[in-house]
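Dock chain H with the ligands against chain Y, hints included.
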Amino acid sequence: MTNRARVSLLLAPSLIILCVLFFGGFLLGIMQSLNYMPMIGLDSPNFEAYKMMFTDEQFFQSLLLTLWISIVTTVLVIVLSIVSALALRNTFVGKRLVNFLYQFPITVPYVVITIGTLFLFSQSGSVARIAYNMGIISDQSMFPELVNDKFGLGIIFVYVWKQVPFIGVIVLSILQSMGNNFEELARSLGANKWQSFRHVLLPIIIPGILPASIITFAYTFGSYEVPFLLGRPYPAVLSILAYRLYDNVDLNARPEAMAMAVFMTAFLVVLVFLYKKLLNKASGRD
Amino acid sequence: MTNISLRNLTKVYEGTKEPAVENFNLEIEPGELVAFLGPSGCGKTTTLKMIAGLHSVTGGDVLFNGERVNDIKPENREVVMVYQNYLLFPYMNIAENVGFGLKMRHVPKDEIARRVDEILKLVKLEGYGPRKPNQMSGGQKQRVALARALIIRPKILLLDEPLSNLDAHLRDEMRELILTIHKEFDVTTVFVTHDQEEAVLLADRIALIFEGKLQQFSRSEDFYERPASKRIADFFGNANYIAGEKKDNKVATALGTFAVREDLKVPDGRVTLIIRPESIELGKNGENSFETKIARRIYMGTYIRYRIDMDGAFWDVVGDPHYNVDYDEDKTAGFTLPKNKIWLLEGDK
Ligand SMILES: Nc1ncnc2c1ncn2[C@@H]1O[C@H](COP(=O)(O)OP(=O)(O)OP(=O)(O)O)[C@@H](O)[C@H]1O
Ligand SMILES: [Mg+2]
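Chain order of the listed sequences is Y and H. For the first sequence, the working numbering assigns the number 7 to the initial residue and increments by one for each residue that follows. For the second sequence, the working numbering assigns the number 2 to the initial residue and increments by one for each residue that follows.
With the rest of the complex left out, here is chain Y:
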């Protein structure tokens, strides 16, 4: 047996499971989204569900909210991870402790920090109570809406808190592997601190964290439990809206739920495709 054949054979079991679960499920989803469910007698596919989705006011509000949360989260994660990595790069007293605390969120499950955020920052939460007891606010309802709010602040907070260390660690390792020499060189060629960051550090860091940032975006775009606990019922993010339709007693809502799921998947696939193209173009210049 050739080496190649052996490798394929060894990979086959897991690949088959992956294909059946993912592509099989995905295919079923597409079929259902097209109103094609031969088992219950629907055997003429159509685009009704998609029409319904694209004329649904709720869908667009959810899409907007989802995009807002994903984009703000991704931008904040990128900015904060770079800033924090730059700060952590220098040696200082207590660096080991700070490093540990910095990477701590990676180990905390989403559900834990989500519920923690709820307890801490809701209007009936600990921070509001402390503020009330200290007389900073006269009523707990005067505490600003930080969770279950219109702008998804609580949701964004949780995502950022969890994901900054992930990307920050990548930035740190990029910074460490490049050392100080490039920046020093730039300075001696006449770049000030900002210029050497802008023209030397950033162009090296950004390509290194782009893949991880795409993952951040995709994860935030599709995830369910954080907005479920920290979001408003209306408008809800797409994943929640889709699940609600899926879970609806009215079986007729199911195709639209599937259409939404297909839409989200297609959106992310297109995004990754564009990213790949961008990357190829950038590295094609090399």
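Heads up, a few of these hints could be off.
As the list claims (entries may be wrong) - With a straight-line cut-off of 30 Å between C-alpha atoms, the simulated DSS-like cross-links for lysine-lysine are:
no., chain 1, residue 1, chain 2, residue 2
1, H, K74, H, K142
2, H, K110, Y, K199
3, H, K231, H, K285
4, H, K285, H, K342
5, Y, K287, H, K110
6, H, K18, Y, K101
7, H, K133, Y, K199
In case anyone wonders, no lab produced these hints; they're calculated from the structure.
Coordinates of chain H with the ligands only, in the frame set by chain Y:
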């Protein structure tokens, strides 16, 4: 043109005890080409970086033309450093790399383009502008790095081991280029090397550094003829030593008494007499001659090398390249130490 003075310059890195550079005092003349020479880890790069303002100084001062620059930011010093591993910005093409310093100074684009072309021509890389760094050879990268430094017309050029990553024939080429550039730009230049021969070939003066301390700063001849210590003498080629007692321009040794020059500023008492193998004359030619046994005769291809017995120690002597005189092993032969080639160090350790 700019003069550089280092006054009691000291650097202790954070978290270390031993100074990387200790109490340097050095005056570099405007337009001079100076080599920092020393073994790995002796503090050459550290000193360069303090001159460039890239590392802060722990003590002492750096002065350009008499003005203290300790607190002037690197980007305002007009001192450019060229690194051993070139450090071309990988995501920029050659033209962008070379034009970097001008872009940082907000020079208009068309002027940058013109000056980049001009300087690429000077380093013989005409037309390479659109290439990426990874499409260039080591020697070409080094020339790009030089062009990138020179385009901003620095007052001081600092080269950190510019030749050590190049193979032999590229090194010759690069040496020529450095000399040409130094002449053309009239820029005060300091380059770092751990190769004694390279320093001698290129530099007007050499600063020899051991373990963070400046040992000697002088013309290269002086390192051969007037070394400040045995260690320096050894760093620059071979040297022969014999201990003796100096009195009135005469040194009494186990092998006889030798006359020395009157102008040697070594007080009477215990001394070490130094002479280079190539300075010893074959045969007894009057003053300062002696006889001893040839312990070994070593054929070196273009000349003969003798090892002669000096009262238990052995000296190297370079023989006659024309073989007019040729001694056999285990025979006794005559030698002469020319008075003006003898150098003395205080003490006999
Ligand atoms: N950033 C730093 N932090 C701590 N110690 C350092 C740092 N940079 C250099 N050193 C130490 O300072 C000493 C001098 O280093 P330096 O780089 O100046 O040596 P060098 O003469 O340039 O050596 P080489 O020929 O190997 O380049 C060394 O002992 C080195 O370990
Ligand atoms: Mg060095």
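To see whether the hints hold, each was checked on the structure:
no.: 1; hint: H:K74 to H:K142; in the structure: 27 Å, holds
no.: 2; hint: H:K110 to Y:K199; in the structure: 22 Å, holds
no.: 3; hint: H:K231 to H:K285; in the structure: 27 Å, holds
no.: 4; hint: H:K285 to H:K342; in the structure: 16 Å, holds
no.: 5; hint: Y:K287 to H:K110; in the structure: 24 Å, holds
no.: 6; hint: H:K18 to Y:K101; in the structure: 21 Å, holds
no.: 7; hint: H:K133 to Y:K199; in the structure: 25 Å, holds
In summary, this structure violates none of the numbered hints.
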